[in-house]
Amino acid sequence: EAQVTQNPRYLITVTGKKLTVTCSQNMNHEYMSWYRQDPGLGLRQIYYSMNVEVTDKGDVPEGYKVSRKEKRNFPLILESPSPNQTSLYFCASSLRFPAGGGNQPQHFGDGTRLSIL
Amino acid sequence: QQQVKQSPQSLIVQKGGISIINCAYENTAFDYFPWYQQFPGKGPALLIAIRPDVSEKKEGRFTISFNKSAKQFSLHIMDSQPGDSATYFCAAGTGTASKLTFGTGTRLQVTL
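First to last, the sequence lines map onto chains E and A. Per my numbering, the first sequence runs over residues 27 to 143. Per my numbering, the second sequence runs over residues 433 to 544.
Just chain E, same shape as in the assembly (with noise of 0.2 Å):
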């Protein structure tokens, strides 16, 4: 089944201490992303990949730290979480960046709760 998988679902944790969200996706997808979710803001984007080794910054990136070493992964690294950065966050992929030639669906995970206290 093709499908974006996100760990861990819900995550409760304190300032300070580093965590990773994992993100894989068995599409063999090139374009990767990460966005976080709140309240009246919608979906932002944080940072995206266009292929291994290849990311860039999105609209939020403050605080957040990725990287893709395999086409399949793309964790998203909170360094020193602060309480600003509790929200929803949703990993998503497409075969290519998601405005290119077609329609190029993005298929998003179930995303992850983060609660930081």
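Careful, some of the hints might be misleading.
[To be verified] Calculated cross-link-like contacts (lysine to aspartate or glutamate; reagent style EDC-like; alpha-carbon spacing at most 20 Å):
hint, chain 1, residue 1, chain 2, residue 2
1, A, K437, A, D463
2, A, K500, A, D463
3, A, K437, E, D85
4, A, K474, E, D64
5, A, K474, E, D136
6, A, K474, E, E27
7, A, K474, A, D516
8, A, K437, E, D64
Hints in this document: simulated from the structure, not taken from any laboratory.
Please build the complex by placing chain A on the supplied structure of chain E, with the hints as guidance.
Frame of chain E, contents of chain A only:
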């Protein structure tokens, strides 16, 4: 800066009615306008998308209307059903920019 403005924030429609969600954009370079549907506890999923070379696209009960001169596009859900109750996001993107810009979402509730 909110490049894609979506309204209303929430919407209650009776079963069988028409649900209408509107979006307006600022960047004239946008050339791809998808709508995503999100159920509670799930990630968004592509519902329908349009490019600016057409003014309307219909897939079943879902229709996108696009007005290039007004820089607006809307989602119409005909014969709305309780199973359509979800959050809907509009988005916009360009072929040269490697990302989508999303609206703030509309929570739709279809009542019996």
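- Message: Please list, smallest to largest, the hint numbers that this structure does not respect.
- Response: none
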